[in-house]
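Q: What follows is each chain in one-letter form.
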Amino acid sequence: MTRAAENWCWRGHRRQVCLALAATFVAAWPVSSWAQGWPTKPVNLIVGYGAGGGVDQMARALSPKASEDVKQPFVVHNRPGGGGAVAAVSVKAAPADGHTLVLTTSTTFTFDHHFAKADFTVADFRHVAIIGQFQEVFVSHPSRPWKTLQDAIADAKAQSRDLKYASFYQLDRVVTALLAKQSGVKITAVPTQGGAGVVNAVIADQVDFGFTGGTWGPSVTSGTIKLLASAPRDPLKSQSQVPTLRQLGYDVETEVFVTVSVPKDTPEAVVRKIEATFNKAAGDPAYAKFCEEGLQVRHFNLGEADTKKALAEQSERYAKLVTAVGNP
Amino acid sequence: MEAVIAGFGAALTPSNVAFVGLGVLLGYVVGVLPGFNRPTALALAVPLTFYMGPISGIAFLIGISKGSATGGAVSAILINTPGEASSAATCLDGYPLARKGRARSALLIALVASVWGDIFATLVLIALAQPLSRVALLIGPVEICAVLFFALTFIASLSGASLLKGLISAFLGILLGTVGLDAETGTPRLTFGQAELFDGLPLMVIAIGVLALSEMIVQMEERGQQQGTPLATGGDRLRAHEIRACVPVILRSSLLGTVLGVIPGLGASVASFLAYSWVRSTSSTPERFGQGALEGVAAAEAADNAVVPAGLIPLFALGIPGGIAAALIIGAFMIHGITPGPLMFLNHAHVLNAIYASMLLASVLMFAFGYFGSGLFARLAQLPLSVIVASVVFLCIVGAYIEGGTMFGVYLVLGFAVLGWLLRKFDFSYVTFLIGFVLTPTLELSLRQALILTDRNPYALLQHPIALAILAVTALAVWRMASRRRAVTGLATS
Amino acid sequence: MKPSDLAAGTVLILLGLYTLFVVLPAQTSATGGIGLAPRDLPALATLVVIGLSALLVVQSCIAKLPGRASFWPASWHETLTMFVGFALALAATLAFQFVGFIVGGAVLIVSIMLFMGERNWLRLLFTPTVVVGGMYLFVTRLLHVTVP
Numbered sequence: 001m002t003r004a005a006e007n008w009c010w011r012g013h014r015r016q017v018c019l020a021l022a023a024t025f026v027a028a029w030p031v032s033s034w035a036q037g038w039p040t041k042p043v044n045l046i047v048g049y050g051a052g053g054g055v056d057q058m059a060r061a062l063s064p065k066a067s068e069d070v071k072q073p074f075v076v077h078n079r080p081g082g083g084g085a086v087a088a089v090s091v092k093a094a095p096a097d098g099h100t101l102v103l104t105t106s107t108t109f110t111f112d113h114h115f116a117k118a119d120f121t122v123a124d125f126r127h128v129a130i131i132g133q134f135q136e137v138f139v140s141h142p143s144r145p146w147k148t149l150q151d152a153i154a155d156a157k158a159q160s161r162d163l164k165y166a167s168f169y170q171l172d173r174v175v176t177a178l179l180a181k182q183s184g185v186k187i188t189a190v191p192t193q194g195g196a197g198v199v200n201a202v203i204a205d206q207v208d209f210g211f212t213g214g215t216w217g218p219s220v221t222s223g224t225i226k227l228l229a230s231a232p233r234d235p236l237k238s239q240s241q242v243p244t245l246r247q248l249g250y251d252v253e254t255e256v257f258v259t260v261s262v263p264k265d266t267p268e269a270v271v272r273k274i275e276a277t278f279n280k281a282a283g284d285p286a287y288a289k290f291c292e293e294g295l296q297v298r299h300f301n302l303g304e305a306d307t308k309k310a311l312a313e314q315s316e317r318y319a320k321l322v323t324a325v326g327n328p
Numbered sequence: 329m330e331a332v333i334a335g336f337g338a339a340l341t342p343s344n345v346a347f348v349g350l351g352v353l354l355g356y357v358v359g360v361l362p363g364f365n366r367p368t369a370l371a372l373a374v375p376l377t378f379y380m381g382p383i384s385g386i387a388f389l390i391g392i393s394k395g396s397a398t399g400g401a402v403s404a405i406l407i408n409t410p411g412e413a414s415s416a417a418t419c420l421d422g423y424p425l426a427r428k429g430r431a432r433s434a435l436l437i438a439l440v441a442s443v444w445g446d447i448f449a450t451l452v453l454i455a456l457a458q459p460l461s462r463v464a465l466l467i468g469p470v471e472i473c474a475v476l477f478f479a480l481t482f483i484a485s486l487s488g489a490s491l492l493k494g495l496i497s498a499f500l501g502i503l504l505g506t507v508g509l510d511a512e513t514g515t516p517r518l519t520f521g522q523a524e525l526f527d528g529l530p531l532m533v534i535a536i537g538v539l540a541l542s543e544m545i546v547q548m549e550e551r552g553q554q555q556g557t558p559l560a561t562g563g564d565r566l567r568a569h570e571i572r573a574c575v576p577v578i579l580r581s582s583l584l585g586t587v588l589g590v591i592p593g594l595g596a597s598v599a600s601f602l603a604y605s606w607v608r609s610t611s612s613t614p615e616r617f618g619q620g621a622l623e624g625v626a627a628a629e630a631a632d633n634a635v636v637p638a639g640l641i642p643l644f645a646l647g648i649p650g651g652i653a654a655a656l657i658i659g660a661f662m663i664h665g666i667t668p669g670p671l672m673f674l675n676h677a678h679v680l681n682a683i684y685a686s687m688l689l690a691s692v693l694m695f696a697f698g699y700f701g702s703g704l705f706a707r708l709a710q711l712p713l714s715v716i717v718a719s720v721v722f723l724c725i726v727g728a729y730i731e732g733g734t735m736f737g738v739y740l741v742l743g744f745a746v747l748g749w750l751l752r753k754f755d756f757s758y759v760t761f762l763i764g765f766v767l768t769p770t771l772e773l774s775l776r777q778a779l780i781l782t783d784r785n786p787y788a789l790l791q792h793p794i795a796l797a798i799l800a801v802t803a804l805a806v807w808r809m810a811s812r813r814r815a816v817t818g819l820a821t822s
Numbered sequence: 823m824k825p826s827d828l829a830a831g832t833v834l835i836l837l838g839l840y841t842l843f844v845v846l847p848a849q850t851s852a853t854g855g856i857g858l859a860p861r862d863l864p865a866l867a868t869l870v871v872i873g874l875s876a877l878l879v880v881q882s883c884i885a886k887l888p889g890r891a892s893f894w895p896a897s898w899h900e901t902l903t904m905f906v907g908f909a910l911a912l913a914a915t916l917a918f919q920f921v922g923f924i925v926g927g928a929v930l931i932v933s934i935m936l937f938m939g940e941r942n943w944l945r946l947l948f949t950p951t952v953v954v955g956g957m958y959l960f961v962t963r964l965l966h967v968t969v970p
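Residue numbers (the working numbering), protein chains in the order written: chain A, 1 to 328; chain B, 329 to 822; chain C, 823 to 970.
Hints are computed from structural coordinates only; laboratory data are not their basis.
Since we're looking at a predicted model, the values are computed, not measured.
C-beta: ideal position from N, C-alpha, C; glycine also.
A portion of the hints provided could be inaccurate.
[Unchecked claim] Here are some, though not all, of the chain B residues that point toward chain A, as calculated from beta-carbon distances under 7 Å:
1. Gln522
2. Phe526
3. Leu646
4. Ile666
Chain A with its partners taken away, still in its complex shape (with noise of 0.2 Å):
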């Protein structure tokens, strides 16, 4: 381009992205709220895991049905790191007005303190709701000889070898950790990075079976891995065929929710439009479509007083299967 014609496109062009930024501030100026109490502006999500994992997805999606309801943005802000710690412990010092709340899994306040140091506890919030439930499965190469994890298990035993699978996180640990001294078997974690870390040493035949939370759908339907287990109390709601751990007879379950928490001291009626405004988003068919067929997740809509108690119940349960492993 001869120096000329530059000089007459940055020109032209200055004018246009005046013209573009104008635009912007008008668009972008925030209609004021005209509803009464909360909420006052955009309400932050502050979501405990990294930007696509399925805790994200979810808050991503019941956030345009909630900013509709309540007529303010809710903004979604991921805060990863130590399994929702981070986030937990960034919402504990916030101001508790309503406008700033975590959405993580339920471990984050009923498990991982057996295991890590944390700076909250489960009584530092109010534990508004509960929106889905994770279902984690065993999942192994098709071209393995076993059709449920017991027979992979047994296997293992009559050929005296020990096991090793793909884990990504403490829990599945202490849950093999169980099955381990059920059954007498050896059963080593290959730690992998994420649950599609998981899926894809199970796809390349690198261990005999991996554990993974939700991320397994996509590759299940295909066929380039196959289900040996579930881990929660209820059988899958896609694939009932598939046993469950304690349909095995093994004495141990899994249950991972995914929760919507405000610190303890936020006002009792900002708490109950919260509760009120989640439970009427989560209620939306196309979020329970999206949940069960898109991450594979049990769609669930609690409000506050299920959610205590369920959460109270998680935790003790917890404590009893971290007591009977015997913290490694």
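Fit chains B and C to the supplied structure of chain A, relying on the hints for placement.
A: Frame of chain A, contents of chains B and C only:
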């Protein structure tokens, strides 16, 4: 064959072109701005794709990914601040070029390398997705470990004048790379009680501190000269022989980026650093690198752009997301009722062809936007130094705040700026420091996996011929480098 | 080699020993993990740093010293610049945290430009307005990130 043509037909509808173009443009802007990165942009964009059809929606997201890989070079070259983590290697030679007044040439070469790397990897995806992914499955932790050990040998060649100091920097980087929650036990390491460090020191914050902020402090030494040296001069033109010299570099780096991109978990930063290191250490004039060698920019950019389509290969062929970006794109697939994986080629072949065509379209649009953008940005670089330095310091702080999530990120970036300054003044290589830091998490994880899978049995290596081959090449490379150094010092003392 | 290498090497050795014997035991656990213990890799890296720094110290003592040599490699001008630059950035950061984004940003930009010798009033006014204002709008409206 008609299926392919039908795919192009579907891709070239005005609305699809508009969506793809919008995606690429958005991605480009995201890439240029440090602090706003690809995963965030994709996460924000996925819900938008609800309103687009499957072809446009997925092409839109892929456009964002591609655009951001190209845009990241702009701030890397102009202000030594990588716009995306994968552009950190581009700073190494890109910024010195800008300092010499050759910002425009650097930007153009970066663009050409980016687009070429991207097109190459896209073609590989289209032609070889299924067979390649089967090969990728053979690459397990043992092989990845071998590759990374090989990568460490590059550190020797990147050390500059003092191998000893280069190694020290590298191991300092490795030490800092271990900060965070331990992958295996979940216990915190070197986190000093700070929950923000649980995920490790953020690469972007370190890069901004060590590369950009410390550089700006050094720039402040030129104060008092009223105009300072602008970063681009009007008379800067890319010469034909320079482009010719870059061609083999671009080809090699695109190939390397594609290969590394197919292996899930390695990431674009590793790929671009490796490509840069490879080109630099095998160059006949390695001393030019770090001072402004166009080949360095070309290598880093070709590789980092090739990783994006290559990372989609395991996704398309097997349904495995190779990284965060791919994981988000899975979400978009699922929303539109398509299950990524082998069945996709059977059940949704027409959609797939249209997506392929859209991807190539995105590459073309990327070149167009990039060409215009580099002209625009090169002019920005002609502002007086005081304006540039002040604005960049401000951008660094804001970027660190956004990346770190809280003020903690800002304090970190200030600390790393001081570290970067010390490294420069004491003549320690910050390049090897960054490489040590970037490689450590993957290296340690794969080393652990390898040790567990092989039960620490060295004979198990015999079952991994690929790994053995790579280790043999490593040994060869070390021997060659040692004899080269001996020859050089021999010449120096004689 | 330069005496600055001697200084750098010595400091690194001291820091390395401190890390190895004080920081690592406090901040990492030596057990756990079947593949590698959490402390293994950081300890190894620290050991290598100590070892290589010792070599550096030896090398810097043996080699011939050039004419102008000092333990601190930067000139007075450079060091002063670093301190002032860092102080300005730190002050601005504190302003960010306790006063606000816009004030902190404006203070930062204006002070750096003044430090750099800028005397053109128009530029001093224009730059912070455009840069800080632009980033503020971008960050709060588009990214919805809360800023102080």
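Q: Each of the hints needs a verdict: does it hold here or not?
A: A quick look at each hint next to the structure:
1. Gln522: 9 Å, violated
2. Phe526: Holds: closest Cβ of chain A sits about 4 Å from Phe526(B), inside 7 Å.
3. Leu646: 6 Å, holds
4. Ile666: 9 Å, violated
The earlier numbered hints that this structure contradicts are 1 and 4.
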